[in-house]
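Visitor: What follows is the residue order along each chain.
Protein chains: 2
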Amino acid sequence: MKHQEGLTTYLASFIEEIVSSGVTEVVISPGSRSTPIAMLLMEHPKVHTYINIDERSAAFFALGLAKQMRRPAAVLCTSGTAAANYFPAIAEARISRVPLIVLTADRPHELREVGAPQAIDQLHLYGKHVKWFAEMPVPEIGEEVLRFVKATAARAVSHAEQAPAGPVHINFPLREPLIPRLEPSPFSLEEGAKRLNTVQGKLMLSEEEIKDLIEPLKGIEKGLIVCGVIDEPGFAEAVLMLSKKLGYPVLADPLSQLRSGFFQGDDIIDNYDSIFKDAKIAAELKPEAVIRFGGMPVSKPLTLLLKEHDDILHIVVDGGNGWRDPLKMATHMVNCDEKAFCMQMAGQLNEVKESNWLHKWKEINRITTETIINIMEAEQNMDEGKVVMELVKQLPENSTVFVGNSMPIRDIDTFYHFNQKNIRIMANRGANGIDGVVSSALGASVYAEPLFLIIGDLSFFHDMNGLLAAKMHHLNINIILINNNGGGIFSFLPQAKEPKHFETLFGTPTDLNFEHAARLYDGRYAKVQNWDDFHSAVSQALEWKGLNVVEVPTNRNLNVQAHRKMWNQVSQEISDYLNGDEA
Amino acid sequence: MKHQEGLTTYLASFIEEIVSSGVTEVVISPGSRSTPIAMLLMEHPKVHTYINIDERSAAFFALGLAKQMRRPAAVLCTSGTAAANYFPAIAEARISRVPLIVLTADRPHELREVGAPQAIDQLHLYGKHVKWFAEMPVPEIGEEVLRFVKATAARAVSHAEQAPAGPVHINFPLREPLIPRLEPSPFSLEEGAKRLNTVQGKLMLSEEEIKDLIEPLKGIEKGLIVCGVIDEPGFAEAVLMLSKKLGYPVLADPLSQLRSGFFQGDDIIDNYDSIFKDAKIAAELKPEAVIRFGGMPVSKPLTLLLKEHDDILHIVVDGGNGWRDPLKMATHMVNCDEKAFCMQMAGQLNEVKESNWLHKWKEINRITTETIINIMEAEQNMDEGKVVMELVKQLPENSTVFVGNSMPIRDIDTFYHFNQKNIRIMANRGANGIDGVVSSALGASVYAEPLFLIIGDLSFFHDMNGLLAAKMHHLNINIILINNNGGGIFSFLPQAKEPKHFETLFGTPTDLNFEHAARLYDGRYAKVQNWDDFHSAVSQALEWKGLNVVEVPTNRNLNVQAHRKMWNQVSQEISDYLNGDEA
Numbered sequence: 007m008k009h010q011e012g013l014t015t016y017l018a019s020f021i022e023e024i025v026s027s028g029v030t031e032v033v034i035s036p037g038s039r040s041t042p043i044a045m046l047l048m049e050h051p052k053v054h055t056y057i058n059i060d061e062r063s064a065a066f067f068a069l070g071l072a073k074q075m076r077r078p079a080a081v082l083c084t085s086g087t088a089a090a091n092y093f094p095a096i097a098e099a100r101i102s103r104v105p106l107i108v109l110t111a112d113r114p115h116e117l118r119e120v121g122a123p124q125a126i127d128q129l130h131l132y133g134k135h136v137k138w139f140a141e142m143p144v145p146e147i148g149e150e151v152l153r154f155v156k157a158t159a160a161r162a163v164s165h166a167e168q169a170p171a172g173p174v175h176i177n178f179p180l181r182e183p184l185i186p187r188l189e190p191s192p193f194s195l196e197e198g199a200k201r202l203n204t205v206q207g208k209l210m211l212s213e214e215e216i217k218d219l220i221e222p223l224k225g226i227e228k229g230l231i232v233c234g235v236i237d238e239p240g241f242a243e244a245v246l247m248l249s250k251k252l253g254y255p256v257l258a259d260p261l262s263q264l265r266s267g268f269f270q271g272d273d274i275i276d277n278y279d280s281i282f283k284d285a286k287i288a289a290e291l292k293p294e295a296v297i298r299f300g301g302m303p304v305s306k307p308l309t310l311l312l313k314e315h316d317d318i319l320h321i322v323v324d325g326g327n328g329w330r331d332p333l334k335m336a337t338h339m340v341n342c343d344e345k346a347f348c349m350q351m352a353g354q355l356n357e358v359k360e361s362n363w364l365h366k367w368k369e370i371n372r373i374t375t376e377t378i379i380n381i382m383e384a385e386q387n388m389d390e391g392k393v394v395m396e397l398v399k400q401l402p403e404n405s406t407v408f409v410g411n412s413m414p415i416r417d418i419d420t421f422y423h424f425n426q427k428n429i430r431i432m433a434n435r436g437a438n439g440i441d442g443v444v445s446s447a448l449g450a451s452v453y454a455e456p457l458f459l460i461i462g463d464l465s466f467f468h469d470m471n472g473l474l475a476a477k478m479h480h481l482n483i484n485i486i487l488i489n490n491n492g493g494g495i496f497s498f499l500p501q502a503k504e505p506k507h508f509e510t511l512f513g514t515p516t517d518l519n520f521e522h523a524a525r526l527y528d529g530r531y532a533k534v535q536n537w538d539d540f541h542s543a544v545s546q547a548l549e550w551k552g553l554n555v556v557e558v559p560t561n562r563n564l565n566v567q568a569h570r571k572m573w574n575q576v577s578q579e580i581s582d583y584l585n586g587d588e589a
Numbered sequence: 007m008k009h010q011e012g013l014t015t016y017l018a019s020f021i022e023e024i025v026s027s028g029v030t031e032v033v034i035s036p037g038s039r040s041t042p043i044a045m046l047l048m049e050h051p052k053v054h055t056y057i058n059i060d061e062r063s064a065a066f067f068a069l070g071l072a073k074q075m076r077r078p079a080a081v082l083c084t085s086g087t088a089a090a091n092y093f094p095a096i097a098e099a100r101i102s103r104v105p106l107i108v109l110t111a112d113r114p115h116e117l118r119e120v121g122a123p124q125a126i127d128q129l130h131l132y133g134k135h136v137k138w139f140a141e142m143p144v145p146e147i148g149e150e151v152l153r154f155v156k157a158t159a160a161r162a163v164s165h166a167e168q169a170p171a172g173p174v175h176i177n178f179p180l181r182e183p184l185i186p187r188l189e190p191s192p193f194s195l196e197e198g199a200k201r202l203n204t205v206q207g208k209l210m211l212s213e214e215e216i217k218d219l220i221e222p223l224k225g226i227e228k229g230l231i232v233c234g235v236i237d238e239p240g241f242a243e244a245v246l247m248l249s250k251k252l253g254y255p256v257l258a259d260p261l262s263q264l265r266s267g268f269f270q271g272d273d274i275i276d277n278y279d280s281i282f283k284d285a286k287i288a289a290e291l292k293p294e295a296v297i298r299f300g301g302m303p304v305s306k307p308l309t310l311l312l313k314e315h316d317d318i319l320h321i322v323v324d325g326g327n328g329w330r331d332p333l334k335m336a337t338h339m340v341n342c343d344e345k346a347f348c349m350q351m352a353g354q355l356n357e358v359k360e361s362n363w364l365h366k367w368k369e370i371n372r373i374t375t376e377t378i379i380n381i382m383e384a385e386q387n388m389d390e391g392k393v394v395m396e397l398v399k400q401l402p403e404n405s406t407v408f409v410g411n412s413m414p415i416r417d418i419d420t421f422y423h424f425n426q427k428n429i430r431i432m433a434n435r436g437a438n439g440i441d442g443v444v445s446s447a448l449g450a451s452v453y454a455e456p457l458f459l460i461i462g463d464l465s466f467f468h469d470m471n472g473l474l475a476a477k478m479h480h481l482n483i484n485i486i487l488i489n490n491n492g493g494g495i496f497s498f499l500p501q502a503k504e505p506k507h508f509e510t511l512f513g514t515p516t517d518l519n520f521e522h523a524a525r526l527y528d529g530r531y532a533k534v535q536n537w538d539d540f541h542s543a544v545s546q547a548l549e550w551k552g553l554n555v556v557e558v559p560t561n562r563n564l565n566v567q568a569h570r571k572m573w574n575q576v577s578q579e580i581s582d583y584l585n586g587d588e589a
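Chains as they are written, first to last, in this note's numbering: chain A, 7 to 589; chain B, 7 to 589.
Just to be clear, a hint being listed does not mean it is correct.
Which copy is meant is left open, because identical chains are indistinguishable; a pair holds if it fits in one copy or across any two.
[Stated by the list, open to error] When the alpha-carbon atoms are kept at most 30 Å apart in a straight line, the in silico DSSO-like pairs for lysine-lysine are as follows:
| no. | residue 1 | residue 2 |
| --- | --- | --- |
| 1 | Lys503 | Lys399 |
| 2 | Lys137 | Lys427 |
| 3 | Lys137 | Lys228 |
| 4 | Lys503 | Lys551 |
| 5 | Lys533 | Lys477 |
| 6 | Lys217 | Lys345 |
| 7 | Lys506 | Lys8 |
| 8 | Lys217 | Lys134 |
| 9 | Lys345 | Lys8 |
| 10 | Lys224 | Lys250 |
| 11 | Lys477 | Lys503 |
| 12 | Lys52 | Lys506 |
| 13 | Lys551 | Lys217 |
| 14 | Lys359 | Lys137 |
| 15 | Lys217 | Lys334 |
| 16 | Lys477 | Lys506 |
Derived by calculation from the structure, the hints in this document are not laboratory data.
Produce the complete structure using the sequences and hints provided.
Guide: This is the structure:
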């Protein structure tokens with residue numbers, strides 16, 4: 007009984023402290039060694055648990071949950087390879103700055119590295135891919151130990167949340183027997199039961215430092231604000247205020263959350279990817295200063311443009327101290343909270359600026375939007391870009407769209423235009439893997455409705471196991487499955503010109519009939535061959551609850567051709583404008 | 007062109023050297039950064055490539071291949087979370103001593119930790135879970151560099167093979183453009199092209215050291231030889247020779263490969279799991295000496311018996327220097343190749359010993375087999391143990407049976423008896439995960455036919471993606487899917503007595519109709535409700551090529567009850583014999 011009492015008090019203390027630190031969502035994978043933690047989590051009245059049998063999917067599910075909620079979610083698994091399955095989601099969470107509390111049960115010290123079953127070395131299991139690792143002591147009773155347990159719990163949550171947010175790993179060696187006491191409840195649950203209150207500071211600049219940054223910007227008309235992956239409430243308003251003061255257009259990646267919202271989008275440029283496709287146009291639009299926020303935007307033409315000019319002011323602002331400058335073009339690396347930076351800068355800049363530069367940008371952006379819309383309206387084929395445009399038309403206000411990597415995120419970049427429906431775009435743009443996307447979207451769907459996932463067939467396949475969560479937890483998700491039967495992105499890359507081995511290594515057609523996958527998880531399934539069918543299927547998906555899969559068969563080659571043709575026409579229209587403009 | 011030439015010569019040298027070191031099987035996952043390695047591997051006439059889209063499955067597929075062939079297989083993937091997906095299979099390979107060559111493409115140094123896309127920190131990515139890690143230089147031409155590349159290739163294979171065999175990781179930073187030259191062929195391919203020849207030594211004892219180990223065994227009649235997980239050709243013959251000389255019975259785990267073969271099985275005890283279930287009988291069979299080989303046997307009653315007796319000679323022999331003594335009962339830790347140990351010991355022992363002890367063991371084992379057979383022959387329900395017995399009846403000579411973890415491996419332990427069909431039993435008994443089992447079996451199936459996989463529903467679900475390999479590579483596999491709709495093993499564990507949360511946390515019924523899964527991968531599917539159906543389905547599976555899924559619905563509760571009842575009767579029969587024997 008002493009063992010059980012120690013086990014229970016110790017683990018209940020930990021759980022109580024993470025819960026009062028704000029962790030209420032826990033994704034649990036079944037296992038034996040983790041039994042007491044799992045049972046106590048089930049027992050805590052404030053904890054929502056999600057059983058997920060495949061640990062890889064479980065961790066991505068938690069990632070999606072945490073990303074959507076903008077606060078930490080936890081995962082729990084047993085010892086052994088179970089824990090290794092968390093690795094992809096952890097690597098993604100680290101780079102995309104998603105707070106995760108990773109709890110792993112472990113064999114106690116005497117069963118490590120001695121050939122005991124289901125024992126792998128779990129110390130620092132995820133290496134540098136977690137922000138913090140703590141090995142817990144074997145459960146015991148004692149005032150100091152319990153204070154340590156509570157402090158560690160609070161600390162884990164704090165480390166996960168502190169910018170840059172990310173995953174932390176706590177490893178629990180547990181001895182048998184593994185059954186905790188449940189009656190009477192081991193939780194005290196009084197208000198104010200939280201032992202250690204944590205307060206999170208942010209990186210901020212002094213007025214002087216801000217002044218020094220404004221100085222070189224003075225007199226520069228041709229500036230660009232580039233917003234990459236960033237998801238902070240209030241950032242949109244702050245950066246738009248700064249842009250007004252500077253008179254710089256805001257090039258907004260779809261994951262900057264600037265392409266949709268209840269704010270004015272006048273200065274937002276959403277077509278730079280298509281605009282910069284033409285090198286001559288890109289050269290004409292050479293900026294003299296760039297202020298960049300967030301992770302690198304998805305657009306390759308933008309990247310190439312930024313890399314072109316070594317002789318301009320290039321300010322990178324990062325509240326997470328991440329040194330995010332893959333181009334090595336930064337002239338100023340500013341470690342400062344992004345929202346604070348914008349507000350401080352805007353506060354010191356008095357006038358609102360109007361400029362030819364800004365006007366030209368807006369015109370080019372408008373022309374590009376019109377051209378793309380005109381071409382796509384006439385498109386009869388099931389074009390992957392048009393899928394984005396047609397879907398957006400049907401989205402209700404406050405929808406969430408989770409976007410797969412590889413082609414879908416690029417199509418969103420090109421074809422998703424500013425709107426005021428307050429749509430939230432989400433994606434796993436840390437390591438940009440095609441893995442775990444289904445589970446991440448399902449995690450996000452817990453508190454986001456309606457939620458659409460746009461995903462390619464290979465990425466859908468990669469995390470098909472994730473769909474079990476939809477069935478087990480009665481989640482509502484509408485999956486637009488773009489099936490080009492293989493790896494569509496490679497058709498846009500240099501290897502497409504090397505026909506030898508191309509289809510085997512990169513095309514990789516799987517010829518899967520995904521209707522079986524939808525049926526396996528009790529999902530509704532529709533395959534659409536034309537745009538009328540597509541609209542009906544999306545409407546029905548919006549009406550029905552549960553898992554809806556709308557499969558859109560597309561053709562990799564036609565898709566590349568159509569997009570190249572469209573970009574040529576965009577370039578032509580912009581050139582005409584620029585020539586007229588200059589004449 | 008200089009870049010392409012450097013890239014090509016450098017990578018072709020590496021590939022040529024691993025191939026001439028014996029690596030011919032490479033599992034490739036599609037990706038961009040890995041393009042030149044993938045294309046060159048496809049181009050090498052001696053390399054067999056297997057495309058596998060899900061990297062987690064890919065690595066387990068390679069593990070199964072390597073395990074079956076008893077030589078290294080390689081995997082290749084692109085940068086980012088792709089590589090993290092290899093982690094579970096790598097952790098398993100490390101503990102179960104399977105040689106794997108893990109090749110990962112990486113971003114070059116200037117794109118690391120600067121927010122570049124698809125870049126995670128891949129240096130020492132798998133931590134202590136690989137035997138060796140090497141970071142390669144960025145490809146360049148130069149005599150010393152090329153010698154280094156070839157030496158690293160040979161070294162990687164050697165490290166992977168050297169006891170204890172295991173995974174090694176080689177990371178290749180590659181710069182764009184990523185297309186190698188294919189014409190003319192970059193491979194020289196002359197016989198003898200191998201640059202660095204490696205010679206693997208084994209741990210061996212001197213005659214004196216052997217003599218010192220024989221000394222304390224002299225005069226001990228009640229000895230046991232315990233063979234756990236070990237898969238070395240010739241070991242069976244060697245250990246049986248030793249057992250004859252010592253007069254000790256050989257307690258053989260199913261993964262010792264001692265339960266089937268063309269050798270005599272007189273001294274092999276295959277029922278110790280059932281025998282030791284009764285504590286009183288176990289006490290009566292207390293040994294005075296134990297010699298143990300291989301990884302820990304699956305049997306918990308055996309483990310408990312071995313842990314009971316601190317006052318006996320306990321010799322652990324391990325050619326991989328693994329300190330495999332989770333019980334902490336060893337009196338002698340012998341770091342010596344197991345086969346060499348047996349042969350040296352047997353060589354110094356002159357007579358063949360007969361003893362009452364050995365006679366008693368054989369009788370008890372015989373009685374147990376008879377009892378189990380009698381009970382199971384009468385069983386009408388779809389009992390999980392009986393599945394093993396009925397399947398074995400139908401297995402052709404030289405079949406391979408891959409066994410899932412959790413319940414199937416325990417059922418094999420209890421219900422699989424010595425036979426001379428030369429059946430090879432395989433399982434992932436390093437970390438004992440339920441993950442990756444389908445892929446491991448499919449990897450094994452490449453060169454093993456017929457191959458049966460016995461697997462539970464949760465484990466089958468966990469690696470369902472692995473089935474794509476069956477479809478894409480036209481593999482032949484017969485899957486006996488034991489569907490008890492959840493985690494059957496937990497019904498045998500203490501938490502089964504705690505009904506609160508049990509079904510949610512441990513039972514975890516998924517209610518999946520697996521026919522959809524079989525159909526998704528173009529597999530044949532049969533659900534069997536009685537033994538006649540079962541036999542027909544197995545016969546048909548043996549005739550048909552491709553993927554066959556035979557689903558056996560079972561009942562977790564009935565299964566526990568039936569097995570407990572059977573063990574009670576076994577104990578009764580043995581007690582009767584022992585009482586009569588002693589009378």
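Visitor: Which holds for Lys477 with Lys506 at a C-alpha limit of 30 Å: within a copy, between copies, both or neither?
Guide: between (42 Å within a copy, 22 Å between copies)
Visitor: Between the shortest in-copy and the shortest cross-copy C-alpha distance, which are at most 30 Å for Lys503 and Lys399: within, between, both, or neither?
Guide: Neither, since 36 Å and 55 Å both go past 30 Å.
Visitor: Taking 30 Å as the upper bound on the Cα-Cα distance, should Lys137 and Lys427 be classified as within, between, both, or neither?
Guide: neither (36 Å within a copy, 54 Å between copies)
Visitor: Between copies, within a copy, both or neither: which fits Lys359 and Lys137 at Cα up to 30 Å?
Guide: Intra 42 Å, inter 62 Å, cutoff 30 Å: neither.
Visitor: Tell me, please, which holds for Lys224 and Lys250 at an alpha-carbon limit of 30 Å: within, between, both or neither?
Guide: Answer is within; shortest intra-copy Cα gap is 14 Å, inter-copy 93 Å.
Visitor: As a check of your reading, is Lys477 near Lys503 (CA-CA no more than 30 Å) within one copy, between copies, both or neither?
Guide: For Lys477 and Lys503, only the inter-copy Cα distance (28 Å) is at most 30 Å; the intra-copy one is 43 Å.
Visitor: Quick one: Lys345 to Lys8, C-alpha cut-off 30 Å, is that within a copy, between copies, both, or neither?
Guide: For Lys345 and Lys8, neither the intra-copy (52 Å) nor the inter-copy (47 Å) Cα distance is at most 30 Å.
Visitor: Tell me, please, which holds for Lys533 and Lys477 at an alpha-carbon limit of 30 Å: within, between, both or neither?
Guide: both (21 Å within a copy, 22 Å between copies)
Visitor: Classify it for me, Lys217 with Lys134: is the Cα-Cα distance of at most 30 Å met within a copy, between copies, both or neither?
Guide: neither (37 Å within a copy, 49 Å between copies)
Visitor: Can you give me the call for Lys217 and Lys334, within, between, both or neither, at a CA distance of at most 30 Å?
Guide: Result: close within a single copy only, 24 Å intra versus 68 Å inter.
Visitor: With identical chains treated as interchangeable, where does the CA-CA distance between Lys506 and Lys8 reach 30 Å or less: within a copy, between copies, both, or neither?
Guide: between (68 Å within a copy, 22 Å between copies)
Visitor: Pop the pair Lys503 and Lys551 into one bin, within, between, both or neither, using alpha-carbon distances up to 30 Å.
Guide: Neither: 44 Å inside a copy, 37 Å across copies.
Checked against the numbered hints above, the structure breaks hints 1, 2, 3, 4, 8, 9, 13, 14 and satisfies the rest.
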